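Peer 1: If you want the building blocks of each chain, they are given just below.
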Amino acid sequence: MVILAHRVIYWAAGLAWAALWPAAPAMAAPPAIGPAALPALVDRLTWGFTPAEFERARKLGAQGYIDAQLSAQATPHLPPAIQGHIDRLTISKQSASAAFTKINEYRQTLRDMPDGPEKVALRRRMQAIANTRGADTARRATWRALYSSNQLHEQMTWFWMNHFNMYAPKGHVGVALADYEDRAVRPHALGKFHDLLAATVRSPSMLLYLDNHYNRAGHINENYARELMELHTLGVDSGYSQKDVQELARILTGLGVNYRSTPPKMPVELRDQVVQEGNFVFNPRFHDYGDKLFLQRKIRGAGLAEVDEAVDILARHPATARHISRKLAQFFVADRPSDDLVAAMAKTFQSSDGDIAATLRTLFASQPFIASLDTGKFKDPMHYVYSSLRLAYAEFPPVARVDTANQWLNRLGQPLYRRVTPDGYPLTQSEWSGSGQLTSRFDWARRVIVAPTRFYQAADKEPQVHLPPIPSLPEVYKRTQRYETLSPATRQAIESARTIQDANTYLLASPEFMRR
Amino acid sequence: MQRRDLLKFAATAPLALLGTRLFAAPREAPRLLVVFMRGAYDSNGLLIPVSSDFYYEVRPTIAIPRPGDGIDAALPLTDGWGLHPGMRATLAPLYKAGELAFIPFAGTGDLSRSHFATQNAIELGQPAAPRKRYRTGFLNRLVETLGRDTTRPVSFTTDVPQICRGALPVPNIDLAGLTGRPILGANRAQAIGQMYRDTEFSAAVNEGIELSAMARDELEEEMRRANGKAMPGSQLEREASRVGRLMADRYNLGFIDVGGWDTHVAQGGIQGKLAGKLGQLGRALVSYKTAMGAAWSDTTVVVISEFGRTFRENGSKGTDHGHGTVYWVLGGGVRGGRLAGNQVDVRRDTLHQDRDYPVLNDYRAVFAGLFARLYGLDGRRLQEVFPGVQPQDLQLV
Numbered sequence: 001m002v003i004l005a006h007r008v009i010y011w012a013a014g015l016a017w018a019a020l021w022p023a024a025p026a027m028a029a030p031p032a033i034g035p036a037a038l039p040a041l042v043d044r045l046t047w048g049f050t051p052a053e054f055e056r057a058r059k060l061g062a063q064g065y066i067d068a069q070l071s072a073q074a075t076p077h078l079p080p081a082i083q084g085h086i087d088r089l090t091i092s093k094q095s096a097s098a099a100f101t102k103i104n105e106y107r108q109t110l111r112d113m114p115d116g117p118e119k120v121a122l123r124r125r126m127q128a129i130a131n132t133r134g135a136d137t138a139r140r141a142t143w144r145a146l147y148s149s150n151q152l153h154e155q156m157t158w159f160w161m162n163h164f165n166m167y168a169p170k171g172h173v174g175v176a177l178a179d180y181e182d183r184a185v186r187p188h189a190l191g192k193f194h195d196l197l198a199a200t201v202r203s204p205s206m207l208l209y210l211d212n213h214y215n216r217a218g219h220i221n222e223n224y225a226r227e228l229m230e231l232h233t234l235g236v237d238s239g240y241s242q243k244d245v246q247e248l249a250r251i252l253t254g255l256g257v258n259y260r261s262t263p264p265k266m267p268v269e270l271r272d273q274v275v276q277e278g279n280f281v282f283n284p285r286f287h288d289y290g291d292k293l294f295l296q297r298k299i300r301g302a303g304l305a306e307v308d309e310a311v312d313i314l315a316r317h318p319a320t321a322r323h324i325s326r327k328l329a330q331f332f333v334a335d336r337p338s339d340d341l342v343a344a345m346a347k348t349f350q351s352s353d354g355d356i357a358a359t360l361r362t363l364f365a366s367q368p369f370i371a372s373l374d375t376g377k378f379k380d381p382m383h384y385v386y387s388s389l390r391l392a393y394a395e396f397p398p399v400a401r402v403d404t405a406n407q408w409l410n411r412l413g414q415p416l417y418r419r420v421t422p423d424g425y426p427l428t429q430s431e432w433s434g435s436g437q438l439t440s441r442f443d444w445a446r447r448v449i450v451a452p453t454r455f456y457q458a459a460d461k462e463p464q465v466h467l468p469p470i471p472s473l474p475e476v477y478k479r480t481q482r483y484e485t486l487s488p489a490t491r492q493a494i495e496s497a498r499t500i501q502d503a504n505t506y507l508l509a510s511p512e513f514m515r516r
Numbered sequence: 517m518q519r520r521d522l523l524k525f526a527a528t529a530p531l532a533l534l535g536t537r538l539f540a541a542p543r544e545a546p547r548l549l550v551v552f553m554r555g556a557y558d559s560n561g562l563l564i565p566v567s568s569d570f571y572y573e574v575r576p577t578i579a580i581p582r583p584g585d586g587i588d589a590a591l592p593l594t595d596g597w598g599l600h601p602g603m604r605a606t607l608a609p610l611y612k613a614g615e616l617a618f619i620p621f622a623g624t625g626d627l628s629r630s631h632f633a634t635q636n637a638i639e640l641g642q643p644a645a646p647r648k649r650y651r652t653g654f655l656n657r658l659v660e661t662l663g664r665d666t667t668r669p670v671s672f673t674t675d676v677p678q679i680c681r682g683a684l685p686v687p688n689i690d691l692a693g694l695t696g697r698p699i700l701g702a703n704r705a706q707a708i709g710q711m712y713r714d715t716e717f718s719a720a721v722n723e724g725i726e727l728s729a730m731a732r733d734e735l736e737e738e739m740r741r742a743n744g745k746a747m748p749g750s751q752l753e754r755e756a757s758r759v760g761r762l763m764a765d766r767y768n769l770g771f772i773d774v775g776g777w778d779t780h781v782a783q784g785g786i787q788g789k790l791a792g793k794l795g796q797l798g799r800a801l802v803s804y805k806t807a808m809g810a811a812w813s814d815t816t817v818v819v820i821s822e823f824g825r826t827f828r829e830n831g832s833k834g835t836d837h838g839h840g841t842v843y844w845v846l847g848g849g850v851r852g853g854r855l856a857g858n859q860v861d862v863r864r865d866t867l868h869q870d871r872d873y874p875v876l877n878d879y880r881a882v883f884a885g886l887f888a889r890l891y892g893l894d895g896r897r898l899q900e901v902f903p904g905v906q907p908q909d910l911q912l913v
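Going line by line, the protein sequences match chains A and B.
My numbering puts the first residue of the first sequence at 1, with every later residue one more than the last.
My numbering puts the first residue of the second sequence at 517, with every later residue one more than the last.
For the record, the hints were derived by calculation from the structure and aren't laboratory data.
Predicted model only: the values in this text are computed from it and were never measured.
Glycine included, C-beta positions come from ideal geometry on N, C-alpha and C.
Check before you lean on any hint, since a few could be wrong.
A few chain A residues that face chain B, going by a derived Cβ cut-off under 8 Å, partial list only [unchecked claim]:
| hint | residue |
| --- | --- |
| 1 | D211 |
| 2 | D423 |
| 3 | Q437 |
| 4 | F442 |
| 5 | Y506 |
| 6 | P511 |
Produce the entire structure from the sequences given, and follow the hints as far as they go.
Peer 2: If you want it as structure tokens, here you go:
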């Protein structure tokens, strides 16, 4: 294993620092992000380069910009128009608890109803509550990704939403999805992994998605237990056994969702064991109070405290440090990050008690990260769609109709909160670079350039917005030191385009724009 | 480009590649379609071990009744086995006609019981032991072994799945999400193709531009045939017909996946979630056969899933992750009407880990045996597709 020497160096000119990487000869210059790489840094830390964001980074310098993005507050900072759109969504006006209460009322009515068209209609209305809230959460996410100034925080929020993935259309998962994102994930996106994990375990949406509300003493359902280890923490092949899965499933018995906001009725002797927070409930009647042997540790039957113990073990396990570090490196650096980089990040992760921002600092200061700013990382559909809108519509009023973007994400294979399987969307190039994907991206590029009104009003309404023409994006590239990074073939296509619209289409469809 | 021109192009492209060797070539490579049921379908809800008392004992709410117990009972297939009654009009006739065989106790040596790990291992064509890191998918290696001039692969998925990835680029097209209007236009598409000429994506971009034009044309043709009426059947059935037409006209090695089989909760029995999914897939396979027309006679379809599910139903009237499963093999030239491969009596003491079906027919061995027959591959060339494999000849074709 390589031994890593980290040292913080302050440059005379400003705040830039860099770590010695890895065990470099004493005389070698520390790696640093030079001014030429600044546009690429902005592109990597955000949902897409814009001239305004680049200006911000230029004022702060590379390190200042990284620091500012890492320490930004969790609450997204949005233009008032966008905040207004979000405030009008159902998820902003009605709490998840109120929605669960409503669904519960529907359920009771349905129970006593004879079969027939009315019953079908009522059931549909009930399901619509979850569907609307799921779709609203996707709208909010796209607005925030496009316009929040805390861009790294937005990316990390998505990273964890994808890591702790769920499928919104399953049952009532969509009902509390907005809360899940804002209360469980977002506050911890750059915080401590332990807190993040603990918050997901107490999320109604997660418990519904992975069937843990069915997991009861004597009626074990292993689904959540397995994914909690395989995907959320330790990683597959990290040494746990089928027996560990079964034991963790027993520990998780009784964790579920209560659609009412009052705790369930309980015999006197169990009453002090019940825990309800929002619609999350620990129901001691369904819990297996026997002792467990989990990952070679004896866990005494003690109710919800067992879950806290298991979360501690999982969050602080060295396999978790490696698994999370590798995935972060895959997101920010390369499809197959080097073992050295992962080891360095895992070391920081462990010594900082799972501090995500600290782990990212190690990553951003690493030689592989800095080198990757030259080569780029292939965009998944979300990065591709968001970055094209951020660039092409930088001078436009904020996009009012995000559904258009979200429908295209669906077409490109990455609709928000609609990955069916709990592994989340893949982060590697090979998953997103097939012939069908590329041609659909070209279609998208054309749509963005020639039909911007689609992002402002529904197709069946009379056009009301008057948008200025999209400026020449190649000119924007020239002003921001990006044009010379385009290949001769790309420049040739752009320069022989017959209209600005065609040149803009080619820029968004170029091989270079497929990377971030 | 008009449809006629496209078809002409489609027909001449492979001939041009074959050139003067046309007469020497024994025949076109046969057609193969691999269907992946992602999420691990419950094979015990399809192929019913009707003589196993244990089955009825441990599946109190989801078992399919024995044949003879009324109309809603398993359809008798062969000694000890029955078929889900929802397959009466689809798989049952194919089985009777000798065009469908089942391979029970099929699967991998992987015991992670993880969807993702096992799907990935299967797509890579990787053995459970010795552990080696494969990078390419086994269908891609098959194309490499057979040669690009007789093999025309395609994946009917939103993206190229692992099973098709490797040295030779395999095009993909999402036939479910097709829309009619061309957006880009031919000239701009060509200019974009030029930007990619020196990149790793050059072939993919060119093929994608060509394929999407052709698929749009398919769609127009379909709407013309429907004559203004709504197209019948589920989305999956329509997609299967499109796949059938493209496989009949232009491609001979295809992959498609169908998700949503992970029935941990309330999977149902004669009716319900699983029955609905199985019925839909059965109908889609029949649409595929119909769309293939005469080409069905040299077509083989293999339907697989990553693993089986627990033999017992769980606490929520569903099933959890298991081990052995049942593969389906169907086609005009298939020697069907039977259960193929190694078998064992279904009893509690023959279960694997007292939990699920054992795997007696390894997927690599089964596929290698099939490839040997379909393509005449010898042992050495089979090793290129599945290193270290011991082919198992089930005389499927």
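Peer 1: Could you check if F442 (chain A) really has its C-beta closer than 8 Å to a C-beta on chain B?
Peer 2: It holds, given that the least Cβ distance between F442 (chain A) and chain B is near 5 Å, below 8 Å.
Peer 1: Min Cβ distance, D423 (chain A) to chain B: is it shorter than 8 Å?
Peer 2: D423 (chain A) check passes; min Cβ-Cβ to chain B is 5 Å, inside 8 Å.
Peer 1: With 8 Å as the cut and Cβ atoms as the points, is P511 (chain A) at the interface with chain B?
Peer 2: For P511 (chain A), the interface hint holds, since the closest Cβ of chain B sits about 5 Å away, which is under 8 Å.
Peer 1: Under the criterion of a CB-CB separation shorter than 8 Å, is Y506 (chain A) in contact with chain B as hinted?
Peer 2: Cβ of Y506 (chain A) sits 6 Å from chain B, so the hint holds.
Peer 1: Would the hint on D211 (chain A) be counted as holding, given a Cβ-Cβ threshold of 8 Å to chain B?
Peer 2: Interface hint status for D211 (chain A): holds (5 Å vs cutoff 8 Å).
Peer 1: With 8 Å as the cut and Cβ atoms as the points, is Q437 (chain A) at the interface with chain B?
Peer 2: The hint holds - Q437 (chain A) has a Cβ within 8 Å of chain B, the shortest such distance being about 5 Å.
The structure fails none of the hints (numbered hints given earlier).
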